[in-house]
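**Student:** The primary structure of each chain is shown beneath.
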Amino acid sequence: MKEKFDAIVVGAGPAGCAAAYTLAKAGLEVLLVERGKFAGAKNMTGGVLYGPVLNTLFPDFWKDAPVERHISRQVITFLSERASLSIDFNSADFDTPPYNGFTVLRAKFDRWFAQKAEQAGAVVITRIRVDDLLWDKQQVVGIAAGGDEILASVVIAADGVNSLLAQKAGLRRRLSPEDVNQGVKEVIKLPRETIEGRFNLSGDSGVAIQFLGFCTKGVHGGGFLYTNKESLSLGVVVQLEALIKNSLKSIELLEGFKAHPTVKELVKGGTTVEYSAHLVPAAGWRMMPRLYTDGLLVAGDAAALVLATGRALEGMNFALASGVAAAETVKRAKEKGDFGKETLSYYEKLLAESFVLQDLKRFKRASQFLAIQRIYSTYPDLACSLAERIFRVDGNPKKNIWRLMREEMKGRVSLWQLIRDGISGGRAI
Amino acid sequence: MAIDSRWDFRGKSNMNPVGIEHKLALNKYEVDREAHIRLKEEICRQCQRRSCLYVCPAECYKLREGKVSYNHEGCLECGSCQISCGEGAIEWSYPRGGFGISFEYG
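In the order they appear, the protein sequences are chains Z and F.
For the first sequence, the positions run 62 to 490 when this note's numbering is used.
For the second sequence, the positions run 6 to 111 when this note's numbering is used.
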């Protein structure tokens with residue numbers, strides 16, 4: 062192996078692969094290190110891959126990349142114990158290129174992406190865990206892995222939500238259970254025709270369903286169902302602190318979710334082929350570490366660059382953008398021949414000019430709003446019970462909707478509170 | 006450490022995997038003999054909260070005779086246990102390169 066690289070990228074997820082690919086394409090000597098058996102082996106997603114950044118790296122990437130389905134239908138479903146009420150958005154525009162978002166299975170997608178980096182000239186090594194950073198005074202000068210030391214002008218830590226490197230470099234405090242959400246997921250095999258018939262899809266179009274309410278037993282979190290080509294991704298995501306406080310197990314929530322009358326029909330006849338879990342750095346702005354120091358940049362989940370507003374959960378697109386920004390910063394630093402933190406501060410400038418930091422900043426109050434318990438319990442229940450009253454014909458004289466709504470709200474939430482939550486939600490997310 | 010029968014999830018796969026051992030049996034692991042989890046027993050013993058028992062999505066932590074014990078083999082490498090253990094009794098790192106969980110779908 063080379064004695065010294067221009068850059069070492071740690072972690073072959075979307076952030077790391079985007080950085081390594083961009084650097085290799087510019088002719089820099091770059092090493093991409095991955096601890097899994099292959100790129101993607103340690104990764105899973107409970108989200109949607111939105112296309113804009115990837116499309117600038119690989120125009121029309123969906124023709125080549127192993128994406129599952131493009132999302133043409135986006136559904137929000139409120140669950141009570143025995144009922145559900147959905148908002149179902151179907152768009153012909155989302156069904157035409159360049160599309161809006163895609164479902165992906167990360168073991169396949171990340172592997173493809175790392176191959177792209179390799180073809181562009183990056184050296185990719187797998188099955189290597191990076192144990193530590195190498196320092197020369199205040200400057201990071203390489204990595205220590207499995208007893209070996211490898212030198213580089215700069216290290217890009219794209220080592221995921223638990224980023225041991227950002228922590229070792231002192232850029233980040235220890236994570237707290239309020240910072241992260243725990244996602245658990247099953248991949249459930251179903252024949253292609255069954256999926257398309259059941260979800261009203263054709264060709265490679267797909268649906269993303271977000272669930273709120275019973276799926277988390279009313280605590281801070283939600284459920285999801287995505288269609289892949291020949292499988293469904295079904296899971297729940299719950300704030301770690303909410304699990305602790307309520308002594309809940311994600312796996313039990315997932316089983317309850319799967320057994321819900323609405324969900325049961327959607328997964329019927331399927332065979333579970335994998336069970337996975339992962340953390341999401343959901344607190345965004347509040348938990349963001351320092352993004353760089355002398356000789357080191359932090360990207361993707363490691364930098365907590367995830368937008369979790371409840372309206373959207375966007376991590377992979379942010380990871381890609383930060384990986385590209387990190388690479389652009391390194392290219393510039395190489396031209397200047399200086400990898401000190403002043404030169405690397407360009408990274409934060411790039412992110413501040415893009416949607417990455419602008420979105421995280423704009424929605425920084427979202428996490429306060431999302432802490433309101435009523436979103437996960439009272440409102441989904443209210444929505445379902447009100448719908449039931451509206452649609453039920455039981456032989457008694459009927460009441461108008463306003464009256465029904467007031468009756469259903471009684472003892473659950475005041476009109477004043479509902480309006481206040483509505484306004485603060487509209488502002489926060 | 007001998008594997009407790011409750012943890013021995015190998016070969017228990019079925020069509021409707023409700024229990025954790027059935028779910029874990031679906032996954033591919035390259036088990037490392039060297040554990041990537043360490044428990045500081047003297048701190049652990051004083052803990053009343055024991056959040057590790059329910060935050061671990063692989064149920065790697067179990068209560069046996071009033072004591073928390075663990076098994077690293079089914080670990081999904083999410084890191085929840087270490088973050089949740091306010092007492093700091095859990096020392097968790099990634100398994101050595103190439104070992105541990107290997108997702109085929111993800």
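Treat the hints with care, as some may be off.
Below, computed lysine-lysine pairings styled on DSS-like, alpha-carbon distance capped at 27 angstroms [stated by the list, open to error]:
#1 K198/Z - K124/Z
#2 K33/F - K306/Z
#3 K33/F - K310/Z
#4 K250/Z - K72/F
#5 K45/F - K67/F
#6 K306/Z - K72/F
#7 K325/Z - K67/F
From chain F, some residues computed to sit far from chain Z (all C-beta separations above 12 angstroms) [as the list claims (entries may be wrong)]:
#8 E35
#9 A40
#10 K45
#11 E46
#12 I48
#13 R54
#14 R55
#15 S74
#16 E78
#17 Q87
#18 S89
#19 G91
#20 R101
I should point out that these hints are in silico values taken from the structure, not numbers from a laboratory.
From the three backbone atoms N, C-alpha and C, an ideal C-beta is built for every residue, glycine too.
**Student:** Starting from the hint list further up, note which numbers the structure goes against and sort them upward.
**Tutor:** Hints 1, 2, 4, 7, 8, 13, 14, 17, 18, 19, 20 not satisfied by this model.
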